[in-house]
Structure formats: structure tokens, C-alpha cells
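For chain G, the structure is supplied; the task is to place chain L on it using the hints.
Order-wise, the sequence lines are chains G and L. Quick note on the working numbering: the first sequence kicks off at 454 and runs consecutively. Quick note on the working numbering: the second sequence kicks off at 454 and runs consecutively.
In case anyone wonders, no lab produced these hints; they're calculated from the structure.
Heads up, the list lumps identical chains together, so a pair's fine if it works in one copy or across two of them.
DSS-like, lysine-lysine: derived pairs with alpha carbons at most 27 angstroms apart:
(1) LYS684 - LYS610
(2) LYS684 - LYS614
(3) LYS610 - LYS559
(4) LYS625 - LYS559
One letter stands for each residue in the lines below.
Number of protein chains: 2
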Amino acid sequence: MKIAAFAGGVGGAKLAHGLAQVLPPQDLTVIVNTGDDFIHFGLTICPDLDTVCYTLAGLADPQTGWGRIDESYRAFESLKTLGGPGWFRLGDLDLGTHLERTRLQKEGVQLSTITEQFCRHWGVRTRVLPVSNDPIPTRVYTDEGELAFQEYFVQRKCEVKVEGFRFDGVEKSSPAPGVLEAIQEAELLIFCPSNPWVSIDPILAVPGIREAVASRRVIAVSPIIAGQTVKGPAAKMYADFGIQPSALAVARHYSSKKTGGILSGFILDQKDHEDEKDIAALGIRTLVTDILIPTAIERRRLAEEVLNFGKLLV
Amino acid sequence: MKIAAFAGGVGGAKLAHGLAQVLPPQDLTVIVNTGDDFIHFGLTICPDLDTVCYTLAGLADPQTGWGRIDESYRAFESLKTLGGPGWFRLGDLDLGTHLERTRLQKEGVQLSTITEQFCRHWGVRTRVLPVSNDPIPTRVYTDEGELAFQEYFVQRKCEVKVEGFRFDGVEKSSPAPGVLEAIQEAELLIFCPSNPWVSIDPILAVPGIREAVASRRVIAVSPIIAGQTVKGPAAKMYADFGIQPSALAVARHYSSKKTGGILSGFILDQKDHEDEKDIAALGIRTLVTDILIPTAIERRRLAEEVLNFGKLLV
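Excised from the complex, chain G in its bound form:
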């Protein structure tokens, strides 16, 4: 069964890791959010893309889920000695990725080609695609004005109240080569347990993707368990918008008019079983299981459940 998975950061990377254990490489494409990419110290930094690749390569820090295992921070400590900004912690090994990516971009190589090359060097056999080679930086409207995503997320630690988002330049962006084909060829599309607002929505906002998705069977895995996220600000964002954060809220998000009512199936945690009836009432098939997947074994188990659930829907 050919699968395309949409992923953002840590949660998305974990399910992608599970799927990569179960599926032959040629049957899985992971399409990754680039809305959180930014330029820092002149370097192109792609946190979601790197989190997915590091996780698939077995290079991710198991404690944080992002960044590199056995990381050091000598360059970062050195620049802080010079009064440099300390709000975005840069690991030495991670810096190597940003340096080489920036060098290749300055030579005119596209992000999707760079990602393919990096995956080959890291031994990642699953195809990982940035959603677009065009920058689509997420801008966050807050009660303190508009912020760049990493300013909101890392520098301000999500402490300001969110009022909305835009993905700068997304209307003029194009899907990266292979993205539309991967969606069109997929028998099943999976929205990984990623932030609906700032991980999955920016992917859907790239022209052509929403239309391609509309013709597919889509399963989403809830990024919210018992009203909370394992990682990241999705629950806080719902609260900022005056919505009770829940599996139901996520299912509603993906089945709203705005996102096109694209959901065929929804997977939620056992802790949220009370939401099941309301989600079913939206015309969405449900699977209730354990969706907390810290380890490789649990990721594999959830991936198998997702695929089996998908087969029922196809």
C-alpha cells in the first residue's frame, strides 16, 4: 500500500519512524512542513525537516525528540561569549547540517534535492520531501503583534496569546517536485500527530495540495491526548482561540469547510474515548488506541494499526 504522510516536528517524526519500519522504502513518502524554517546567523535552519530526517536516521536526541544525539554546543557557547543571541540553541553537529544546506542553497541547489542528498548520506531510505522549495515562513498574529514563528515558539516560548497565522508567500509557492505525485499515487494519506495549525495547515496551504488531498482517503492521528500535547503548542493554541483542546477539536479542524472536510478516518487515544461518538457524528471513522509512541517498538505498533485501519477505509 502506497502511503504519503504529512508531518511537522517531533510527533510527526515519531509516526514517520514507525511507518518507515513497516513499509518498504518505495511505498512511503513523508511530506514535511517548512513553515517553521528560518534564517539565523545567515544559515537556513529547517527544524521540522531535520527532526524528521534525524529521527529516521536514528540520529535524533531521544530525550528531546529534536536535535542530535551526543550533541555539543561549543560554537554556540563561543558566539554567546561575543554577546550573540542565545534564544535558539544550536548544536555543533546540527550546525554542520545548516552549514552544508546553506552552502548548497547558495550554489542554487533546491531544498528538496539537498534533503534527498542528506538522506542518502545519513542512510535514510524513506523518501522525505519538503512540502515546497519556496520559503513559506509562518507568521504568528499575537496580542503583542506579528511574530516570526521561531520568535513565537522558541524566543517567546509560546507565552503570548495567538490570534491567527499566515504563511508568508504561500499563495505564490509551488509544491516541491514529487509532492503532488506522491499524494496522487498514495492509496492512503496520513496526517501524523503534528500541530494542525502550524505543521499540517501550511502543507495544505501550498497551491495544488488541498485539491490533491481532496481526492484521497485521509487518516489523521490526534496530536492531543487528554487535552494536552506531548510536545509543542497545539493545545495552547486551541485554548488561545477559545476552543477546548481535544481530539474532537482536531477532528473538527480537519473536517471544517476551510480544510475541505478531507478526513476519512481519525485515530485518537484511549484516554479520549469519550470524543469518539462526536467525531463519528462528523462522518469520520474512528480508531481508539494508545497513541503515545516514545519508543521505536511503540511507533511500529501504531504504524501497523494506522495501516490496518486505513485498509478498512480503502
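Frame of chain G, contents of chain L only:
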């Protein structure tokens, strides 16, 4: 006695270190070559400037004379894993400098201001000025075509035959703020034992500097001992040009029409005492002493000798 010293890389940094031990901070300005600056991985790298600052700060690697003591290469190893270019070895601590400098430049801060800030953070009290805030990249004409300086120096290890140099854009460059004033106020100008062709010449090529230098007493310290350089390609460059590398050749270089006959005094090594008569015949006063200065104590001793010799000429 107010001193301005022109310096390039390791040799220049060593004498600057000696002078900084002897002179009160307000009496010494070190004006540093920027012709070897280049952009690598999107970062601005200023090898000569950093070598001078690291040396004055006590942060330089005592083995190499350049780079940082207790350096590591984790970012560099990481980018090499991705197929990145390995010809210019980048240390983690050193990277911190390049990252913060690049960040500040992108905010519009001038190189001279950045250098002043960095020196303050590193505890360097001597004033260090890049010769110009405008890029003046050294281009090397070789028998294999024109190369950027670091391509010639590091990537090709000076193995190609040099036919000439140019400093790209130098005719439109301006001295950095404070450079002309430092030269005009100096009772003595010192050309450190740096490469005449690619360390001192680019400084002299910045419009206004040669004229300012012409009105000053100038002492040069030979970068060549017994036909060889301690470090760097100066001797090989002379040979490429068909000139026997020697203290005499350096003295001739600085007293040629092209450089304006600017030399009042010349300091050469005891090993080169046979050159003394020919240098004196050029109308240049000479001092023969031990100019090999690997340690802080020897640097201080040579600095004192240079200053005493200078007092004789004033």
C-alpha cells in the same frame, strides 16, 4: 610613543602580541589585512583579523598560530558526513566567531565595529582595526588561472605558480574609521613580519593609506629568515616571481617605486646579516637581531628592540 602596526596573519599577530605587552593600549593600533577574508558556507570568515585578535586575547592555538586553543571540529565533521567540502577546516569555537560576525553584518553593523565589540568581549584592550569595511578580496593570478586567495592558499596549498595579485574592488574601498587617523597620529609605523604581497600590500592599496604612510617613519620586520618563511607562502611567492627570497628582497619590495620608497628602517635576522650592507645601500637603516618569536617572552623582547630602534629614527 604612539604606534600603528600593519599586520597580516600569524607572523603579524606575534609581533602585535609583543607590542601589546610593551605599550599602553591607547598607544597601539593594529591595522589588519582583510584581503584574505572570504565567504564560506554563507559565513564571513576573516582569517587574519581573527588570528590577530585570538593571539592578543590569548585564545590562539599555540601549535599552529591560527585558530583556537582547545578547539574541536564537530560541526566540520558533521558537514563532511553530508559530502560538504573539507578543504577549509572550521573549528567549533572559531565557528562561533564567524556566526556572530555574519549575524551582525546582516544587521548592517560594520566589520570595524564588530571587531571592536569582539575585542571587548575577549578582553583585548589594544585597538584592532580591519584596514577597510569594504571587501577587498585578494585574487591570485596563477599559471592555472585566477584563484580566490583561500583557494590558492588553503585548497591548493600554494602549489600553483603565482604570476600576480589583485585586490578586487580596492580602488573603490575606503579605510575603516580610525585607520587614517591612527597612521597620521603614529610617531612610528611598523610593518609586522607579514607577507609583503598579500598581507601588507593590500593594506597599502586601500586609497589614502599609501599617502598617509608616506609622511611617517616606517620600520619593517622581515618575514623571511634564511630564505624561508616561518609560516605562509611569502618565500615561495618570491621564487615564483624569479626573485631569491631574502630579507633584502623584502626590503627592496618596500622601497620600490611602486610602494613609494616608504621604509626608514628594516629589521632582519642574524642569519641574514650578509644582507645588511645591501639594505643599507638602499638608504634604509638596519637592525640585525633574532626575529624568530614563538613565545610571549621573545615577542616582548623583539617589540622592545623594534621600539628602541624606532626611537633612533624619530
